[in-house]
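Student: With the sequences and hints as input, model every part of the structure.
FYI, the numbering for the sequence shown is 27 to 289, going by the numbering used here.
It should be emphasised that the hints constitute simulated quantities derived from the structure, not laboratory data. What you are looking at is a predicted structure, and each value in this text was computed from that prediction instead of being measured. Please note: incorrect hints may appear among the correct ones.
Stated by the list, open to error - Cut-off 30 Å, straight-line C-alpha distance, at most; resulting in silico cross-link-like pairs (DSS-like, lysine-lysine):
| id | residue 1 | residue 2 |
| --- | --- | --- |
| 1 | Lys32 | Lys84 |
| 2 | Lys271 | Lys163 |
| 3 | Lys106 | Lys84 |
| 4 | Lys163 | Lys106 |
| 5 | Lys106 | Lys78 |
To be verified - Here are the simulated distance ranges between beta carbons:
| id | residue 1 | residue 2 | range |
| --- | --- | --- | --- |
| 6 | Arg272 | Ser141 | 24 to 30 Å |
| 7 | Ser141 | Gly197 | 55 to 61 Å |
| 8 | Gln230 | Asp131 | 27 to 33 Å |
Even for Gly, the Cβ is constructed at its ideal location relative to N, Cα and C.
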Amino acid sequence: MSAEAKPLSGLRVLVPRGGTWGDLVSRALRERGAHTVIAPLVDFAHTSEEDKLVNALKDLEAGKFDWLTATSSTVADVLKHHNAVIPPTTSVALVGEATAVAFTDAGYPITRTPSEENSTHALLEEWSEIDSGSVLKVLTLRSDVAIPVLTEGLMSRGHDVTQVLAFRTVGVPASVHIREDIESGRINALLVASAKIAEEVAAQFPDLPSDTIVACVGVNTLETAAELGLPADADDPSHPEYPLKRALIETVESVIDQSDMLD
27 MSAEAKPLSG LRVLVPRGGT WGDLVSRALR ERGAHTVIAP LVDFAHTSEE DKLVNALKDL
87 EAGKFDWLTA TSSTVADVLK HHNAVIPPTT SVALVGEATA VAFTDAGYPI TRTPSEENST
147 HALLEEWSEI DSGSVLKVLT LRSDVAIPVL TEGLMSRGHD VTQVLAFRTV GVPASVHIRE
207 DIESGRINAL LVASAKIAEE VAAQFPDLPS DTIVACVGVN TLETAAELGL PADADDPSHP
267 EYPLKRALIE TVESVIDQSD MLD
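Tutor: Given below as structure tokens:
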């Protein structure tokens, strides 16, 4: 397929996260014709629950948990930072391609991921062990801004869940060069992949060109973007840029599930 025939040709897209997540998304967008600029608008800082995290990881190494869950690739970084050991008696359930890649690269085992739709809800539906009648001890590690979908799903089934905020999500100022490229329209599409990123886009780029595509991934992201007044013209199917925006969102969703912004 020639570059001209690819659905995202003509887009220069700001990818607002780095690491495994950013690499996967950027590669998928380039394969469909877009040019990408990885410029993180969020980063990850030490948790406010450091003592609780350290104690939980000690219990993990001691084999006190039946399962460990993660839906963010950053959890693998946290585990590596703490030299955490996952014993063979503890199984690992993950959601999201970026999460699985990060765990594999870190040398951690993966027991279960959704086989169909790669989402938190699909994991809860397919995870046969959580409906076996036995009470499982589960350690869930997530961000401070995450919606605890997986945690609450496990607790509602009566399991013994230890939930720990493994890291904090913080905003990162864009460079002067990035701001100039956005204000001039040289970067003509912004990927908004979480509520926190929506907040950063609204705060850092208050005067977006009218033809800049703002592509929001996930219901929570859309709701936050609307509250912040981010442009939504291309959300109308009659808008001439609607097909391009949908192609951008669908490309991202093909490699990164919305759950990476949740639990």
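Student: All the hints need checking, so say for each whether the structure fits it.
Tutor: Here's how the hints hold up against the structure:
1. Lys32 with Lys84: violated (50 Å)
2. Lys271 with Lys163: Roughly 42 Å between the alpha carbons, so the hint for Lys271 and Lys163 is violated.
3. Lys106 with Lys84: Distance of about 14 Å is within 30 Å: holds.
4. Lys163 with Lys106: holds (22 Å)
5. Lys106 with Lys78: holds (17 Å)
6. Arg272 with Ser141: 24 to 30 Å: Once the Cβ atoms are compared, 26 Å apart, the range 24 to 30 Å for Ser141 and Arg272 holds.
7. Ser141 with Gly197: 55 to 61 Å: violated (36 Å)
8. Gln230 with Asp131: 27 to 33 Å: holds (30 Å)
In summary, the numbered hints that this structure violates are 1, 2 and 7.
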